[in-house]
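Peer 1: Sequences listed follow chains A and B, in order. Using our numbering, you'd call the opening residue of the first sequence number 1 and step up by one each time. Using our numbering, you'd call the opening residue of the second sequence number 1001 and step up by one each time.
In short, the hints are calculated from the structure, not lab data. The structure displayed is predicted, hence computed values, not measured ones. Note that the Cβ used here is the ideal one computed from N, Cα and C, for glycine as well.
If the Cβ cut is set under 10 Å, some of the chain A residues that face chain B in the computed set are: (1) Glu12; (2) Glu14; (3) Glu21; (4) Met25; (5) Thr82; (6) His84; (7) Lys88; (8) Lys104; (9) Val106; (10) Glu107.
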Amino acid sequence: MKEMKLLLVDDEEEFVKTLSERLEMRHIQSDVALSGKEALKTMDEDIPDVMVLDLKMPVMDGMEVLRLTKKAYPGVQIIMLTGHGSEKDEEEARRLGVFEYLHKPVEIENLMQIVTKAYKNKF
Amino acid sequence: MNKCAEKEVAFFGKITAGITHEINNVLAIIKESSGLLEDILAITEEDAFPHKDRFKKILNRISGQIQRGNDITTNLNRFAHSPDYSPASVDLNEVAEQMVLLASRFARLKNVILKAGHHDESVIIKTHPVALQMALFESIEIILDLITSRGKIILFPRKTDNQYVVGVHFEDTTPDDIVIMQSISSCDRWESLEKTMVYLGGTAETDDSALEILLYLPNSIDK
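Use the sequences and the hints to build the structure in full.
Peer 2: Structure follows, in structure tokens:
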């Protein structure tokens, strides 16, 4: 299996960059986008296999990014990672085809397992 | 509740929910940062860093406090979302457990243990979630006000003969349980609890032999 392309999307820069660094220490490379718009732009240049996406972001929230991504690139596996999303948010995300819906904070080993599972699910 | 009061509660809930989200983001950054320190420590040779064990212990402490902070914000967030839909379907078991988490600090200040007794099956009713939590909290407060130093308060949701009830039981109190029981319905807060229960379409009663405040609730309320 080729190396996974992972995109982490979160407006909390310190969170997402630290998470990326921890994944790198576990031999998982990732790109980082700090907004929904930046995520869409990154995808237009290089389509990721898996995306870890924050729900609550300014201007364009995670739900909108999920909707647009699933429309343009249905093969991208998306894991929603949210602070305190409601049950309604989770229902909507699942309806739109999210691979997994997780709550922050998440253990790094747990996240790695789900990311790997999502990647395998793509093929 | 009148329209203005409903708006006020909704406003309070919305702002609080937003702030819990912000706090959670802060906790997530602290968690990942301390996790990264743990990762670095794990690949550091023992000889290269003589204080490794002390660092590990401190990082464990930080990790425990992050978990504690996260539990608190999760409960606060759920509470803040209570006014989102009213009336709404709720499981009395979950409401009781949630109330225990929210009110445990108030109980601790009086050296009182607060617990939820779980009914075997879900006890679902359609009610006003905020007012229901208020009624439970008022019941707990009535007992806490009368307790001087110690005791146990247990919330027992149940369904019997088509009646939905939450029993707020107490035991091992100081002063004696009987003294507390006799003072409940004459205390200042009792009238307020009764009013809350009327709003919920139910009643508040006491059961002297069971040492309980009983909150009787209808299975459904329309407005």
